[in-house]
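> Please dock the two separately framed chains into a single complex, following the hints provided.
For the protein sequence lines, the chains are A and B, in the order given.
Residue numbers are given in this note's numbering: position 54 of the first sequence equals residue 54, and the series is strictly consecutive.
Residue numbers are given in this note's numbering: position 163 of the second sequence equals residue 1163, and the series is strictly consecutive.
Since the hints were made in silico from the structure, they are not lab data.
Note that the structure is a prediction, hence the values are computed from the model and not measured.
Mixed in with the good hints, there may be bad ones.
Just the calculated beta-carbon pair ranges, DEER-fashion [unchecked claim]:
(1) B:H1148 to A:N67: 47 to 55 Å
(2) A:R249 to B:P1058: 55 to 63 Å
(3) B:D1003 to A:A380: 40 to 48 Å
(4) B:R1214 to A:D397: 35 to 43 Å
(5) A:E387 to B:H1148: 32 to 40 Å
(6) A:G379 to B:G1017: 39 to 47 Å
(7) A:P325 to B:P1135: 52 to 60 Å
(8) A:H41 to B:A1020: 32 to 40 Å
(9) A:A304 to B:R1214: 50 to 58 Å
(10) A:E387 to B:R1138: 25 to 33 Å
Just a few of them, taken from the derived set where beta-carbon distance is under 8 Å, the chain A residues facing chain B [what the hints assert, rightly or not]:
(11) L241
(12) V371
(13) A386
(14) L395
(15) R399
By construction, the Cβ of each residue, glycine as well, lies at the ideal position given by its N, Cα and C atoms.
What follows is the residue order along each chain.
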Amino acid sequence: MTHGKSRDPDICCIRTPHPSLLAAWLKTPAWRGRPLILGGHVHERSDVVAVSAEARAQGVVEGMSLNRAQQFAPDAMIEPVDQEATARVRQSFLATLHRLTPDLAAAPEPGCAFLRLDRLTLRWPDRARLLAAITRTIEEVIGSAPALGVASSMFVSTVAASHATPGRPVVVEPDQTRAYLARFPIDTLPLDDDLREYLELLGVRTIGRLQTISRQAFRRQFGLKALDVYDLAIGIDRRRLQPWRPPVRIEASEPLEPPVDNTQALQFIARALAEQVSTSLLAQGLGTRAVRIVLNQEAAPVLAVEVRYAYPVTTATELFDGIRPRLLRASIIAPLERITLRAGRLEPAYIRQPGLLIRRDGFQESIADAVARLQEEYGAPVVQRAEVRSDAAPLPDHRILWKPA
Amino acid sequence: MPDRLQQAITVLQTRFGSAAPRPAAPPCAARPSGIAEIDALTGIGGWPVGRLSLLAGPRGSGKRTLAQRSLAAASREGPVAYVDFPSRLDPEFLSRIDARLDRLLVVRPKSLREGMASIRVLARAGVDLIGIDLPRARAAGLDAELPHLLHRIAEADCTLLLIHDADADDAIRYYASLILSFQRRAWVFSRGGDLEGLEVDAAVVKNRLAPPGRTERWVVPYPHGKSRDPDIP
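Bound conformation, chain B alone (with noise of 0.2 Å):
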């Protein structure tokens, strides 16, 4: 914030209290997520802790891309848990972005209750951030028990990640306090045919915490690749 804006609204909280100006969203610490894009497209520097972010977009979009890049960076500073509801984490992508793979919980529940048992369990446990993998299809009965899961993970300070078709349902859309939507622009190739990685379009749907309507483009690179930008790692 600009000094002389600051100024300003010192004068005002000082002249008229309460009724002065004030940040609109609430102070929210935030995880890095390992990727500077998204960190910058959040406007808190990653993604908040104590709440549910949410990844949409259709298939081939790079969301469960991103999500496992930021589980790699989690991993690397503390315990880390995938509810991996379609069973489709794949162990050697994350060890290839140097993920700590003894640090990683995969739980592969049975049901959407069972899911949310182990969420909250492992949350009030110590694990630092969870990132869920929830088809459409499995997700029945969730806007029940994202209530009590949200209470839960707040209280124990833990990020959550909900990787989700691009139409979530409303319930949601309701409870996460980031909406973040990704569409495939392109996929890039080498000059020897050989996959590099895609590009992607990520808009801010929805943020509690910042602005929201931010929109970012870049390449995410695929780990046997090279990105075309070098702050990627």
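Isolated chain A (complex conformation) (with noise of 0.2 Å):
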């Protein structure tokens, strides 16, 4: 739908399969290409809430029962949402485009999202290298492809993209806006059941035919708050991008009443709020590289204690396998009135943990990061691996071989 320029769209609707599916598929990807539905347990009463292309052919939409929609399609998977999977690759698709460019927003749907393009077009003028960059860059991290809408508004570059396919964006240029909107059904404006009613019963079924009628009309027989709807029939969208920001640090804090001057129980209390921390932080599918330890003492100054990571980790077993040597170590010399977790230089997690979305994986660090650990920590001689050399000299100290793993 490219047409001649007149001005630059600046919009970009970028949207993905729904995050559940896409969680289902990164953790079994022999799912992909067959029918899955996703809500919950078949004998459990519940909703479908995301569904592959191959199901939604058999006539399985989101919001059905699943009973239902077994009998739609009874040869199709049904699975329980992955909530946390779900979180982090929501996530990880919001933080690959903020690292893109920040004036990035989040929309309502999920696997949904826009990008304001003006900044990009200093790094790629050409549009449509600048697509094929958004896509790659989207297609790495979540593994499919995503359908990208460029328009001079949020509304419109979200009706693009809902009907564009992967690898082929739908761009419309501003100027063909209105005859673009034309050929779609009034149902594709957010319209109240009323409001589709009364168009309904005028004759008005497409964006074309609401069009031809004038605003002060449409104001006179709809009311004011309809005029909104009627705007965006014309390609006028007037909310503003709500800029996405990634989070800067997660905290976990506890009063402790009375002050605790005992180490067993400031480990059960640090453990408890390393639990806190990796909630939110699997929540948000990020990982931290550093936590702060801020330990406040009754009557002595505060002291806090840092934590590094050798990669961003996420779950309490491991920050607390961090924390835990520290808190031993700290040189606390009165009672404690208070202790914080503050975990800094967050990261999406599946940067240095590319299986965290892998069945088994994401709560188990692999041998390598393992020893990348310890050896961060203790120096690198702590772990080694022997290698003999049947040709060297007669002694055994020159036969052997030792280096850090």
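Here it is as structure tokens:
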């Protein structure tokens, strides 16, 4: 839908499959290409949350009851939604886009986001290359190519993205907006039931038909509130892009009343705080590379201890493994009134944990990561590998080569 | 278990429910040790997974040699680690018994705490078997570290072999699920006078998973010698 150039459209809507579907595919790649319904177990009385294209082709849609969905697609797999993995996918998606440009807004629909392209055009003056770069970046992270729609407003770009296919973006030039929208049914607009009913009674079934009504006549008939819908129909979207910002730090704190001077109790509390921090990190798909332990002492200066990790860690066990030795070594001279854990240097967990979204991983670091962490903590020689050199001198010390793992 | 005994137990379970006889030992997965005699001694077919096994005995009783043979066998299946407090590990010996040295991580910690932290981290990362060579002189404070360590290895399904002096501390004896005590009976020489191996007596001092008290005697061959027993590799 690319036409003559009058003014560059500047909002790109990026639409991916539902994050729960992406999470399910990342966990079990064999499910890709098969009819898949997410929402719960078959025997549960819950609704469909996400559905693959193959199941959708059989008539299953979001919001339908699982029982009904099974009747429509008897061969489809019905699985529960992994909420944590879904959150991680969504966070990874947004964080990746944020690294492209800070002009990013998260759409209310899952798997959808908006980018302002103004700054990106400085880096990629050619629009086709820019859109290809966005597609490639997203595909590397979530394993699926997104559908892109580019237009001068959020609404039109959303409509364009919903009619685009992966690898074939739809670009709507500003002067073509009205004509582009005219072909779509009025259901494309965010109508309430009453307004839809009125419009249908009047025989207005497409946006193009609605565009033929004058603004004043529409206001007289449907009131001031409905004018927002009319504006959308003629391509005017007054909503502003609400910038999405990645979290900078996650903090958990616990006042200690009465003050604690027992190391065991302190470890117990620190463990509980690590679990709180871990829950927040997991929910946002993040890992932390540094945790600051702040210990408020009774009638003594505040003590701060820094724990650093070789890679972004997420789970409470990993966090506490770093925190515990520092806590035991801290020079605490008075009972503690408060303990605070502050997780900083937050990064998407997938950067150093590519297996985060793979089953049985994400909660288990690889042996290479474990060795790297031990070597960072205790020095390189702590973990070694041995090699026997049969061609070396007869002295055993010469025949055996020790090197850091 | 004989069929008739099993039938009798089933009848009792039907009649008396939870009051019926049940196995004294909980079911536990085992990792083959690579030595048929040890697999038979333990009663479960190898070293228990997710638990601590203690190899005790005086110097020269063969406990380290046997642990290294188990390590070699496990390295052929997956990643293994050896926490070498006294720096006595001989990679050449391991390579002669077909250990996969590329799958072996050797940890040489400066302190007990450092060693225990390394074991916890490696166990959780997926190392299958960890051998710990811990002399009595370096074991001070082990009783405080063991509960935390055992919890972690149970979670990670890692097998822990502790090589320790004969008179193991009470704490280790308490926490170990399996204790094998070794005694050297004789050195075995070839007719030409070369050392071929050693004859050991092994006894199960403690076993939480099968009846204890079993004993066995066999020759542990050295890699360059030949075993009297054709079953021993």
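> Evaluate each hint against the coordinates.
Hints versus structure:
{"no.": "1", "hint": "B:H1148 to A:N67: 47 to 55 Å", "result": "holds, 48 Å"}
{"no.": "2", "hint": "A:R249 to B:P1058: 55 to 63 Å", "result": "holds, 56 Å"}
{"no.": "3", "hint": "B:D1003 to A:A380: 40 to 48 Å", "result": "violated, 59 Å"}
{"no.": "4", "hint": "B:R1214 to A:D397: 35 to 43 Å", "result": "holds, 41 Å"}
{"no.": "5", "hint": "A:E387 to B:H1148: 32 to 40 Å", "result": "holds, 33 Å"}
{"no.": "6", "hint": "A:G379 to B:G1017: 39 to 47 Å", "result": "violated, 58 Å"}
{"no.": "7", "hint": "A:P325 to B:P1135: 52 to 60 Å", "result": "violated, 23 Å"}
{"no.": "8", "hint": "A:H41 to B:A1020: 32 to 40 Å", "result": "holds, 35 Å"}
{"no.": "9", "hint": "A:A304 to B:R1214: 50 to 58 Å", "result": "holds, 56 Å"}
{"no.": "10", "hint": "A:E387 to B:R1138: 25 to 33 Å", "result": "holds, 26 Å"}
{"no.": "11", "hint": "L241", "result": "violated, 43 Å"}
{"no.": "12", "hint": "V371", "result": "holds, 7 Å"}
{"no.": "13", "hint": "A386", "result": "holds, 4 Å"}
{"no.": "14", "hint": "L395", "result": "violated, 12 Å"}
{"no.": "15", "hint": "R399", "result": "holds, 6 Å"}
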